[in-house]
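To convert, count from 1 in the sequence shown and add 167; that's the numbering used here.
Take the hints with a grain of salt, since some may be wrong.
[To be verified] Cβ pair distances, simulated, as ranges: (1) Arg245 x Glu183: 39 to 49 Å; (2) Pro277 x Ala240: 26 to 36 Å; (3) Met399 x Gly244: 23 to 33 Å; (4) Ala240 x Gly176: 12 to 22 Å; (5) Pro291 x Met399: 16 to 26 Å.
Note that these hints are calculated values from the structure, not bench results. Cβ atoms here follow ideal geometry from the backbone N, Cα and C, with glycine treated the same way.
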Amino acid sequence: MVAAYEIDGDRVAPTEFAAGPWSEEQQHGACLLGLLTRFMERVPSAQPMRFTRITADLSRAVPMRPVTVTARALRDGRRVQSLEALLLVDGEVTSRATATRLRVDPGIIPTELRAPERADDAPPPFPEAGVGWRMDRPSFHDCLEVRTAEQEDRLGARTWFEMTGTLVAGEEPSPAVRVASIADLTISAAGRLGPGWVSINPEVSLQLERDPRSDWLCVSSVVRFTDDGVGMSEGELHDRSGRIGRCAKSLLNHRAG
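Kindly produce the complete structure, drawing on both the sequences and the hints.
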């Protein structure tokens, strides 16, 4: 099984499968978000908790070199916990994530008071046939199986992802790590703008209503941008059972070179 990283303590070495789409010399933002989540997940909590928000600042490119990741609790309450993770290259912070975890108490809401399901909570159609996201070189896309359900004018897409590889060698990714690793894969403006254009996101944020229950996860995303080069992409997140949350990222669009 291919893996994006090999870890020894807080030292993280990227493999060739951590590379992003724009350069074989830079790590994929999806990998970085998954990695930061993986370290925040290991911060202890006094009560059973789960992630409800994860936000990452990815404004600096991370080279394909070993990095150091640290994580800590900024606020360590019994009901609410605020977390921070820092990713450093040669001692300098290049990426940062914060997250909120809330206490869980299964069954606390009586059945008659639970929010009713909405029509758009149902999962999108699951395509039987897959499409390749493979590149002509190793990248994080080699860790994924991809099935696209819908695409409209290259400004929207419904895409199912399964991590057939793993983020860290020797580890099974948790549900939170898996959804964080695909949240950065909302559609960008590059498909609409065409060859010769680059569309990067300096940040990404996701909010989770519950943990995913299936290996397959869907991002139903739409992209919007204006003539000044700035845009955004936002998406609904589903597993095979239904809606699990949403994600959004800002976009910087410019000509390549």
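Right, here's what the structure says about each hint:
no.: 1; hint: Arg245 x Glu183: 39 to 49 Å; result: holds (43 Å)
no.: 2; hint: Pro277 x Ala240: 26 to 36 Å; result: holds (32 Å)
no.: 3; hint: Met399 x Gly244: 23 to 33 Å; result: holds (32 Å)
no.: 4; hint: Ala240 x Gly176: 12 to 22 Å; result: holds (19 Å)
no.: 5; hint: Pro291 x Met399: 16 to 26 Å; result: holds (21 Å)
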